[in-house]
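Student: Now for the letters of each chain:
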Amino acid sequence: MDQFRKVLREINSTLGNISVFDNLLDAVIIFLVCFLILILIKFYPLLALIPAIIYMIVAPIKKVNKLKRKKAKIVEESYPPLKEKLRTAVDNIQVSNPIVEALQREVISDMRNVRISSFISGKSTSYKILVSVSLCFIILFVAAHDFGVDIKDLADKGRKIIDAAYVIGGDELGEELGEIMAATGGTELDDIYGKESTANLGNEVIDVELKPISYEIDVRKVKDVEEKEFEETILDETCADEGACTPQESFRNEYPKEQQELVKNYFLKISK
Amino acid sequence: MRSYKETFDTLFKEIDKVIVGQREVMEQIVVAMLCDNNALIEGFPGLAKTFAIRTLSRLMDLKFSRIQSTPDLMPSDITGTYIIEETSGGRRNFKFQPGPVFANIVLADEINRATPKTQSAFLEAMQEKQVTVGNSTYKLDLPFFVLATQNPIEQEGTYPLPEAQADRFLLKINIDYPTESDEEEIVNRYTSEAREHHLRTIFNKKQFLALQQIVRQVPVANDIKRKAIKIVTTTRESKNLLQYGASPRASIGLILASKARALLMGRNHVGMEDIIKLAYPILRHRIILNFEAQRKGLKADDAIKEIIGKVK
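Read top to bottom, the protein sequences are chains U and H.
If you're matching positions, the first sequence starts at 1 in the working numbering and goes up one per residue.
If you're matching positions, the second sequence starts at 1 in the working numbering and goes up one per residue.
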């Protein structure tokens, strides 16, 4: 009985290791495919880690459940003489009678002929490794030659086309083009205010330092103070018909009192 | 396990000395006996049904009795009755005279010719392994089996077994005609000078009872057990084929009979093969085809085949 339990533990650990290796291979392929796509569209390539990590977490949970249920069947499939024997012995591990003990002995003896390699699907593993290597080469090639389309540039270009269409063909053409662009995943019409990242800059605190501009006085250019006489004819002509018209009075006459107060306060504040 | 296999191989070798072919039928009869249960054997006349059972009783050193069922057969003819016995002192006492049911293997030949009242006299013996006459109950000697035969033709004047009674038989075994080569061998064997075959006893009563206990120890995998139960429960759900499905007694019977077959084959576990092989004799007398299936000319075995196909 103890020997049989030992054999079961060994089966568990072997199948677990093989499953981890298989998962790792799958995760590598997922990472490489995502990485390739991201470098082709010139978008943060390290984001490819996210689906690979999610797969590494989710897939083993599913596989462990499947392994628990089908562990015996997997071993039986790899060694047909064990068919139905192993799962019967596993299901009746708590039973103790001469027939069950004989079955356990038979299973242990048959298990000696089971090779670990029989659990690994050579064909599928080779294909996975081949796919991984090929993807690595493709990524190197793409990165070296800087292939791909910059998705950000494409978006800017699309926006410019729409703007141009508004100018040339008016709102109708612009809207139509905008709709087409939106349907094909291009620039959205709402995005007419430029990049959102730039817009957000307005919320950030910017330290601006105003350096005093150095000034030098060229003594040679300093002249004596001139006295200039201003002609008052324009004002006189304007107010000729209205009698004693001064600029102050004109201001009082033309604007309502509230606005005059407002202007007065404004200039007072400035002067302060 | 090898010793069990060798023992059963020897048993069938001895049977082969007398019965030509019909290996599967003989296996199924032994399966029913190993399960401590009864079997209903159906086949045309002249197919050695009675002979096969008599041979088995000789090989197992079991007491054999035969009851030829007729419409005038009374229950007391089977169970036994009280007779007046005069003692040496001149006193008269009632003494129980056991009937033919007091044996290890009871062959109820053409059971469907007996009246329902007589048929039901077998019920208690089959199920409880005891007989009640008057106010007294008599235990039957173990092992006890009723192996009944019935004829599929000449249905006039017969009383088909009621479902409740048919359900008491673990297996309904169909005997078919032998192949041409087997028939030639039968002719050669039974038309020559030497007709008497010397059979040696393979088991005694005690050994056979021990074997019945060992059968119950044979383990079954959970998924195989679930499939066996699914086959039985599907008979209740298949309304497109069946009017009535099999009872849980069929599930018990299927698992137990499969255990016995596994032991017979020298295996220490039940396989799906055992379940499929025995699903037919276990279920064929426990299901009733609906009108549509009968109209299409389907037989119980066809319906079982379809159900097994669904569950597999």
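Honestly, the hints are just simulated from the structure, not real lab data.
Please note that the accuracy of each hint is not assured.
Stated by the list, open to error - Chain H stretches covered by chain U per the calculated footprint, using a threshold of three residues with CB under 8 Å from any CB of chain U:
hint : region
1    : 57-71
2    : 218-230
To be verified - Here's a subset of chain U near chain H, in silico, CB distances under 7 Å, partners left out:
hint : residue
3    : D91
4    : S96
5    : V100
6    : L103
7    : R105
8    : S109
9    : K160
10   : A164
Note that the coordinates shown come from a computational prediction; the quantities given were computed from them, not determined experimentally.
No residue lacks a Cβ here, since even glycine has one placed at the ideal position from N, Cα and C.
Student: Counting residues of the region 218-230 of chain H that have a beta-carbon nearer than 8 Å to any beta-carbon of chain U, does the count reach 3?
Tutor: holds (count 7)
Student: Should the interface hint for V100 of chain U be scored as holding, given a Cβ-Cβ cut-off of 7 Å against chain H?
Tutor: holds, 5 Å
Student: Would the hint on A164 of chain U stand, with a C-beta cut-off of 7 Å toward chain H?
Tutor: violated, 67 Å
Student: Given S109 of chain U was flagged as interface, is its beta-carbon under 7 Å from a beta-carbon of chain H?
Tutor: violated, 13 Å
Student: With a cut-off of 7 Å on the beta carbons, see whether K160 of chain U makes it to chain H.
Tutor: violated, 65 Å
Student: How about the region 57-71 of chain H: do at least three of its residues have a C-beta closer than 8 Å to a C-beta of chain U?
Tutor: violated (count 0)
Student: Does the interface hint hold: is D91 of chain U within less than 7 Å of chain H, judged Cβ to Cβ?
Tutor: holds, 5 Å
Student: Does the CB of R105 of chain U sit less than 7 Å away from some CB of chain H?
Tutor: violated, 9 Å
Student: Is the interface hint for L103 of chain U satisfied, with its Cβ closer than 7 Å to some Cβ of chain H?
Tutor: Holds: closest Cβ of chain H sits about 4 Å from L103 of chain U, inside 7 Å.
Student: Tell me if the interface restraint on S96 of chain U is satisfied: Cβ within less than 7 Å of some Cβ in chain H.
Tutor: violated, 10 Å
The structure fails hints 1, 4, 7, 8, 9 and 10 (numbered hints given earlier, in ascending order).
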